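K.L.:
On the provided structure of chain D, position chains Z, F and A as indicated by the hints.
One letter stands for each residue in the lines below.
4 protein chains.
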Amino acid sequence: MITVGIVGGTGYTGVELLRLLLRHPNVNVKILTSRTEAGRRVDEMFPSLRGHTDLEFSDLKIEALQKCDVVFFATPHGVAMNHAADLLSAGTKVIDLAADFRLQDLEQFEKWYGLEHACPEILKQSVYGLCELNREKIKQAQVIGNPGCYPTTVQLGLAPLLQASELLLKPESIIIDAKSGVSGAGRKASLGMIYSENADNFKAYGVAGHRHHPEIVEALGHISAHQANFESLIFVPHLVPMIRGMLSTIYVDLTEHAKAVDLQKLYQDFYQGEHFVDVMPAGSSPETRSVRGANQLRIALHQIQANKLIVLVAQDNLVKGAAGQAIQNMNLMFNFSEDAGLQGIGLLP
Amino acid sequence: MITVGIVGGTGYTGVELLRLLLRHPNVNVKILTSRTEAGRRVDEMFPSLRGHTDLEFSDLKIEALQKCDVVFFATPHGVAMNHAADLLSAGTKVIDLAADFRLQDLEQFEKWYGLEHACPEILKQSVYGLCELNREKIKQAQVIGNPGCYPTTVQLGLAPLLQASELLLKPESIIIDAKSGVSGAGRKASLGMIYSENADNFKAYGVAGHRHHPEIVEALGHISAHQANFESLIFVPHLVPMIRGMLSTIYVDLTEHAKAVDLQKLYQDFYQGEHFVDVMPAGSSPETRSVRGANQLRIALHQIQANKLIVLVAQDNLVKGAAGQAIQNMNLMFNFSEDAGLQGIGLLP
Amino acid sequence: MITVGIVGGTGYTGVELLRLLLRHPNVNVKILTSRTEAGRRVDEMFPSLRGHTDLEFSDLKIEALQKCDVVFFATPHGVAMNHAADLLSAGTKVIDLAADFRLQDLEQFEKWYGLEHACPEILKQSVYGLCELNREKIKQAQVIGNPGCYPTTVQLGLAPLLQASELLLKPESIIIDAKSGVSGAGRKASLGMIYSENADNFKAYGVAGHRHHPEIVEALGHISAHQANFESLIFVPHLVPMIRGMLSTIYVDLTEHAKAVDLQKLYQDFYQGEHFVDVMPAGSSPETRSVRGANQLRIALHQIQANKLIVLVAQDNLVKGAAGQAIQNMNLMFNFSEDAGLQGIGLLP
Amino acid sequence: MITVGIVGGTGYTGVELLRLLLRHPNVNVKILTSRTEAGRRVDEMFPSLRGHTDLEFSDLKIEALQKCDVVFFATPHGVAMNHAADLLSAGTKVIDLAADFRLQDLEQFEKWYGLEHACPEILKQSVYGLCELNREKIKQAQVIGNPGCYPTTVQLGLAPLLQASELLLKPESIIIDAKSGVSGAGRKASLGMIYSENADNFKAYGVAGHRHHPEIVEALGHISAHQANFESLIFVPHLVPMIRGMLSTIYVDLTEHAKAVDLQKLYQDFYQGEHFVDVMPAGSSPETRSVRGANQLRIALHQIQANKLIVLVAQDNLVKGAAGQAIQNMNLMFNFSEDAGLQGIGLLP
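Residue numbers (UniProt numbering), protein chains in the order written: chain D, 1 to 349; chain Z, 1 to 349; chain F, 1 to 349; chain A, 1 to 349.
The following block holds chain D by itself, in its conformation from the complex (with noise of 0.2 angstroms):
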């Protein structure tokens, strides 16, 4: 069993990752922050908690946290970069939700968040989390930084494609159409999330520019096995009336090398042994709510013309978007069983 906190419990990342944690056989919650909530039973504000635990929320205390084998940051961009520095010198891992740590290139990090990054050198040993690419890394890592929702699902969708022996598609020509339901903006009281604002409605949003578009642009040029620049990919989010799930729609132009290539048995080996991507047979096309709740990503591959690809890519953005992963990260950390604690099915209908 190991100790863990986390700090920001109040969103919805925070209250998913209690949902997960409080029936993970190795854990044990110890500590969760609110700078607003401190003193109040946490099944008080969540009541779907009611009988799971008896936690309540206190302020961030630092020795506190020390204690902890791990901490969980779910909290806005720029809060964990300010504490990771004493938490690794106590020996406590940490796992960042928000971007402190997803971005190697801290021109993007202060352009894109308008933060100076509080911890550079931290960040260089940082490892980007996103487990079935990066898997051993992560087990030796003491910060991550948890990918973005949308980013999870690029990077899974083209990572057969980038990492073949020769590239198969052309970087300049990558679409992502994208689609996430309305919790992947936090739990907010802003007009602009109001559920009349919302439901029965569907419109693009952050066209011109969204935080996840440098993410995806760095995360594959990592990715890739062939040198690739991917500036010019177009990524365009859009906003469901519903609570989770998330679809992305990649529209990709493929080389003259993918001729020769069988990309479903590509896609299959490729993640062959994963518990948490799921490769459906040709012409499928995954549903949000078939990995309602679940840390489960599903892709299906649409070869519509000989240069013409489509891939369909959908998760929970909560789970394996957000906390599931998280806690992906924190079970290759130590050593866990990688399914430890994800187990669940979705929940469908």
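Hints are computed from structural coordinates only; laboratory data are not their basis. It cannot be assumed that every hint is accurate.
The list treats identical chains as one, so a pair stands whether inside a single copy or across any two.
Said to hold, decoys possible - Under the rule of at most 30 angstroms between Cα atoms (straight-line distance), these lysine-lysine pairs were calculated in the DSSO-like manner:
1) 124 to 61
2) 30 to 308
3) 30 to 170
4) 139 to 30
5) 170 to 137
6) 30 to 111
7) 259 to 111
8) 170 to 61
9) 308 to 111
10) 67 to 30
11) 170 to 67
12) 170 to 259
13) 170 to 308
14) 265 to 188
15) 188 to 139
16) 188 to 30
17) 259 to 308
18) 170 to 188
Quick caveat: nothing in here was measured; it's all calculated off a predicted structure.
P.N.:
For chains Z, F and A alone, kept in the frame of chain D given last:
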């Protein structure tokens, strides 16, 4: 053509007034105020209005409003009462969609709204704007208190029983189990109203006490032809994951007098000729979507035991429950056809 | 490990049984029947199960089922009663999620379900599977009638009042205003159930009579310690535009005996130690989302007048109202921990 | 006043035609046919129409329809083509909301709809009813093929680029990622359309091929001033958990010619004076709710790289995408004001 001002145009009743008034044949909307949005085009905030108006929000200036024939207050409680005297003195009529002129009982008003009433004398002369029950007074009124959404359903749902020659129901038996769409709570940035907190969810609220309770009690007292006391009625509102719509399920014990009465015929006769109250065939189940966007209220009776009656009442909370009824009041006050601007058919599906 | 068969695996209770049983530590699901889908993989129909099972639907073969320790019937009414004798003779226990073993009154069964009962003798020995109220009998049972979803909320919502040393409520005063998500109507291709007919809409249904009415009447009679008659209770179900979830708002008049009783304490004591019944603090408002996907029922009391009590009861209609409760019964019958396989936390948001 | 018949009044386009035509100042709806509901009042099936019509469904009788000035077919594909000759011979005009008169290419029609065309000669004379691009021909037409919902968004979204003096986009680069509310699939009792299968869910469908694909290809070919070939465009529709609304996100590569062109101005000039096409300010994000219930289509441009353009197009699939556009065609054919009966403002919220 009359000139109209709207105070408080950024909420849902404000934009609903605009949707209806911009197509009203006898109305010219001249002024639309907002404390926070002065100078901004209204169709920038509500793109549904693009192509239908060039109005901009302006600061509330009483001199400008005094030039209008009528001013609607689509504001929080406590605004209209501070401006009514100035408007009346200039001959401008007032229709308040908030609660300032709903309760004649000042103690109740102060208890439930936490405000001392600013103009008790005007309150005395004001008229409660439930058109079907108060038509003649409304035609002469200078100030209208537009009824609350829940109270509208209850009064129209019970009036035929209360105004029969003998009292047909037992006042102390009344139970109102009411359900409303989320737009009834207005357009406010509050955590409790965000999409992910309300979608795919159902709950009761305000069980211990809701502001519409005293309004229902007072209004039923006025309607009743039999000096009955309604203080012990039970009213429990619930929140439905839909944008618009309200259904009240009203349970009453019938008196002995009711045995000789054909209640279905009683209701049909009572509402004979009304544009906006539809008595459906006995045993029907009015759906809220049948009135979506329409100034229409539908009633169905279920007499399930000799002395037990269930009255189902459906309306769109923003139309017959708010903006539509306010315009119906205006039509009466200015001697327009009562259904002018209110003939739209509900949006189904 | 016991072996389990499920008859009728293509409906929502079927797939929900699978979601829970596939992760149950003591269970091996061997057989899943479907008249129409025999030979098809179940995860092809329900992709949420991909990676969790290789089961295929098969035709119903009684010899195969007889080799199971227990068979669940997730079928329409009238199926289980035709196979119960064959299964019992082989020592296989039966849990019926339909109505075949819910009503002891054969006349009522035939009246409401239009079927002559196929095995009245077995019906007599069957046990009504409301675990919290019937635990000892269930442990010995060979055949379980799993309660209807609405009746579960009413019985657990009123049992403490009915089993107190003095009768605390007036049976003839009971009004149950119940609301259910759409999944309660099952997985059937019918016009009334399609998305565009149900979204953004609210309505009552079955006001003139619903099959759960006689079940509630009979069951309350059994629960009551005071020979009371419940035939005149009123039960009105409504349809909520959400997938899962059920809330019953129950209104009762209290007797004089209640004056001396702390009802909140009565309920807390009554359900002390129960895993799946949560008595919330007085004045709470249980939300359906707090139990989404969980085998949990939450109760809150509102005593709004000296002699008037409102009981709010929330559950997930597919879990505590159907598949979860069925598994809870199985756990009792096979002497497993009562919460085995049922410890999942509700999905919020 | 003209007399109007509607064939097939029980679907969503049928009831939407009624909603709009019953308030149209120049129209008298005389006949409404249904194979299955003959003799039933239409407001019994669609209670939203109570108080607005006494129409009953009738059997399809060609002699009766021949007395109408115009007949709308709100039927499945393949019905209108069997009655067009009879109606035209009597001087009755025909507006088909299905696909019988959309595709001039008979091979494509037979391939995608599985039907041999019943009246190829009439097809040749028929006019494709996209009013903004085909207005003069429509005014003279006897038979109109009302465009499909998706094709409407694509054509109006790309027409300014295709009809500029130089071709401004690369036809082979077009990718249409389209999203529709569930009502687009019609009012049919099918398992895939029920509430619990669609709510809180998102998915692509018809990726391998959708009937609107050939219509888009043919129609863009007609619109283009430059003999371009559009066969390799990509069209992927998705299903959104909302009743009404459609958003197409269209990605195109621009040609060198586009460098010298102010695209925003090009679009604004192109649609100058159009009632029903709204070019929003550059960088806007049209929401489907801004056109809910309105015959309105909104376009916004995002030129995110020198040679990359994203066109966002929103409409209500049942109005501008079906019934509203059909009435707009009728208005043109009978020389009514083009916006007669179509001036309603979108329902927001």
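K.L.:
Flag every earlier hint the structure violates by its number, smallest first.
P.N.:
Of the numbered hints, 2, 3, 6, 8, 11, 14, 15, 18 do not hold.
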